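Asks: In order, the protein sequences belong to chains S and G. Residue numbers for the first sequence, in the numbering used here: 1 to 434. Residue numbers for the second sequence, in the numbering used here: 1 to 434.
What the hints contain is simulated information worked out from the structure, not anything from laboratory work. All figures in this text were calculated on a predicted structure; none of them were measured in a lab. There's no promise every hint is true.
Covered by chain S, according to a simulated footprint, are these stretches of chain G (three or more residues, beta-carbon under 8 Å) [what the hints assert, rightly or not]:
no.: 1; region: 30-44
no.: 2; region: 54-66
no.: 3; region: 315-323
Part of the chain G face toward chain S, derived, beta carbon under 7 Å [what the hints assert, rightly or not]:
no.: 4; residue: ILE24
no.: 5; residue: GLY139
no.: 6; residue: ILE140
no.: 7; residue: PRO141
no.: 8; residue: LYS144
no.: 9; residue: ALA145
no.: 10; residue: ALA152
no.: 11; residue: ASN153
no.: 12; residue: PRO273
no.: 13; residue: ASN277
no.: 14; residue: ALA280
no.: 15; residue: ARG294
no.: 16; residue: ASN308
no.: 17; residue: ALA309
Backbone N, C-alpha and C fix where the C-beta goes; we use that ideal spot for every residue, glycine too.
Number of protein chains: 2
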Amino acid sequence: MTENTTLKIGIAGLGTVGASVVKIIQEEQEMLAARAGRAIKIAAVSARDKSRDRGIDLSGIAWADNAETMAENPDIDVVVELVGGSEGTAKNLVMQALQNGKDVVTANKALLAHHGAEFFALAKKNGRALAFEAAVAGGIPIIKALREGLAANHISAVYGILNGTCNYILTEMWRNGLDFETALQQAQEEGYAEVDPSFDIDGVDAAHKLTILSALAFTGRPDFAHVETEGLRNVSAVDIDYAAELGYRIKLLGIARLTPDGVVQTVAPCMVPEESNLAAVEGATNAVFIEGDRVGPTLYVGAGAGGNATASAVIADLVDIARGNVPPSGAFVETEKTVPFDSREGRFYLRLTVEDRIGVMADVTAVLRDHKVSMKSILQYGQGGAKSVPLIMITHKAKEAAVRDALAALAALDAVQEKPCVLRVEIPGGTEEI
Amino acid sequence: MTENTTLKIGIAGLGTVGASVVKIIQEEQEMLAARAGRAIKIAAVSARDKSRDRGIDLSGIAWADNAETMAENPDIDVVVELVGGSEGTAKNLVMQALQNGKDVVTANKALLAHHGAEFFALAKKNGRALAFEAAVAGGIPIIKALREGLAANHISAVYGILNGTCNYILTEMWRNGLDFETALQQAQEEGYAEVDPSFDIDGVDAAHKLTILSALAFTGRPDFAHVETEGLRNVSAVDIDYAAELGYRIKLLGIARLTPDGVVQTVAPCMVPEESNLAAVEGATNAVFIEGDRVGPTLYVGAGAGGNATASAVIADLVDIARGNVPPSGAFVETEKTVPFDSREGRFYLRLTVEDRIGVMADVTAVLRDHKVSMKSILQYGQGGAKSVPLIMITHKAKEAAVRDALAALAALDAVQEKPCVLRVEIPGGTEEI
């Protein structure tokens, strides 16, 4: 294929992102041709409902009633998969397209999280592009930064705010003192959360994205099964208040970190210092730190979703393919393995609800000492005759497993009256507090 | 040249960055070969002093007594120019190398700011790479983000903290209440500022980098002559205090923004809201916002200098060249022109020192009204019998030229006792306050 050949694409899925891709390609033909070195043309599209008005002009573009037929269509060089879902049409289409020697661009994080290892291998075997800038952190070119921009680095960690819905909810809880349910309802009313929000607020969406980043940084193979995932449902307004009192904000973070045992992957609500760059990231914005051994910590911030921002990433992939810039789908160097989460070591926020009587503090601290968990800060509130009081602690660095065991022992104490709350403390930017 | 051919490079300049490049290429041969698709080998090096111990092993590498001979050396595919300076050896070497059909990687912002237009054209004519990721914001892959990652966007603005020395000084002034001279001295003692610091603190270094970003975003041709440059020397501790009182921090920003008249380029101390991402960037870190029409505002943060971080960017360019990913040096689309700075419109912080008597406020506000400059906030301090008091104002949006004229008229008032201080107010992230 010469530089002057038109790149012909087929777009499967015409939701918000698909419609934006069509619109931008049509409106910016000249600019994109200049950047790509050749014209990019939409040869065919496909969606469930042909009659729906999407505010885009589809005249002169072939309509595929069945998206999967695009994989066979000789008029298509690149299949753009925007159908979504980790099985069914999306999976079949991507597999068939790669097998038939077509390049693929996808925004489908679920698909890659579950089947990425297989697809990366298939793309490699067939010498085709499988590009997915749009699958992580919307329009921020984070895949390109990780795979190309930091090519001189061994990566030690990739982590950040990967889900805009959760960050919106946490921002509203913090800013306006809302409880989780109220903030969620507001997010739904304002279009930041789906009617069924579980995919976002349970951390699954962030875990999909983390799996992809982790594969690029470390393993070459997305390994969703090894992501320890905890969502927002247990984050309460009181913990946001105590965090603020201690100088922290609560953020849902996806974290993939290289430990001596292997790569640990987790999605969980975490406390970050209020002066850190991640604390300053508010609303539906995404923010990702990449730590390289040569470059140090680097941070990337921008819109995590939205039709135009995501389409921007899809089209950047198309321009790359048109220009012949096709790095391997997975990592260039696939050396590391994922390991269970217990290998994490870090600091923790613990909140216990305890009886307000003499000796309780001694019991609690004895349990922690026995599990080799030591304290950095303690907040204790007497409440003037209340039967139970909150006891808030931040630990020094401790092993995940040690803290889990200590919490089980604490929960068994008579004086401890509710299930203890635990949040991880993360210090972004590579500066570890002592 | 096939994929399996070794990429042979010549490195001119073995300062901190050059030595880091040598070291990383030697230590990471296997990783880099995997990422580049072929081996990267150092064929020759050159520096002023052959005998100096740089902590690197140069055995088996040819030594060029005269760096410029590398441009003629048939054993070299890519010349890495780390000599520095906008004239002399650096300029001759880059020009000769491109003319002789070699690719060039450089970290030399001064060279590109002054001669980039000529070199971009030369690289294009000869079909060679001229890569310069290391020239702006150290290890942050900002050139790649701007040119490749956001290829689907028209850029409306590129701006940020481009000089680590200045940001270190401003951070120390703010955090520890130091005056400028003391903070500068501390920066020199700690190695963040040169013995002759003028290049950094007068904003020249930031202006060089801004010129390059502006060329990529808008014009295709670095145009250093049209950067309005103001350094840190006039930033006083009292302005940092008043800024804090009004909810702002002072940062030295480089700003290239598309206006209806063309591209306005400026480097100046600016006030940014304390809750903004740029306010959270402390010490010697760099941070750059790119605003695209589709993706919205995106932010990139990381080390702006240092041997390893800068070497990381140099090597990323080498890997790109090895892989054949060679975008044009300048912008893909060269549509805009730079225009004089007067076209800027924005908000301003004004500090006057005025006589403490009745009628002064009326005189001052009348002058501003006559120049169509309206006030958003005013702070006035009576100082119990002091002859002069500070009068601090933040304007609504106003034209640069109108404010300059108003300031001249204010300075001419009898009651105004010192040269008025003016700082620009910038609201990062595309959210314009009303």
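Asks: Next step is simple, just say for each hint if it's right about the structure.
Replies: Okay, the hints, checked on the actual structure:
{"no.": "1", "hint": "30-44", "in the structure": "holds (count 5)"}
{"no.": "2", "hint": "54-66", "in the structure": "violated (count 0)"}
{"no.": "3", "hint": "315-323", "in the structure": "holds (count 5)"}
{"no.": "4", "hint": "ILE24", "in the structure": "6 Å, holds"}
{"no.": "5", "hint": "GLY139", "in the structure": "3 Å, holds"}
{"no.": "6", "hint": "ILE140", "in the structure": "6 Å, holds"}
{"no.": "7", "hint": "PRO141", "in the structure": "3 Å, holds"}
{"no.": "8", "hint": "LYS144", "in the structure": "5 Å, holds"}
{"no.": "9", "hint": "ALA145", "in the structure": "5 Å, holds"}
{"no.": "10", "hint": "ALA152", "in the structure": "4 Å, holds"}
{"no.": "11", "hint": "ASN153", "in the structure": "6 Å, holds"}
{"no.": "12", "hint": "PRO273", "in the structure": "11 Å, violated"}
{"no.": "13", "hint": "ASN277", "in the structure": "5 Å, holds"}
{"no.": "14", "hint": "ALA280", "in the structure": "4 Å, holds"}
{"no.": "15", "hint": "ARG294", "in the structure": "4 Å, holds"}
{"no.": "16", "hint": "ASN308", "in the structure": "4 Å, holds"}
{"no.": "17", "hint": "ALA309", "in the structure": "5 Å, holds"}
Against the hints set out earlier in the document, violations occur for numbers 2, 12.
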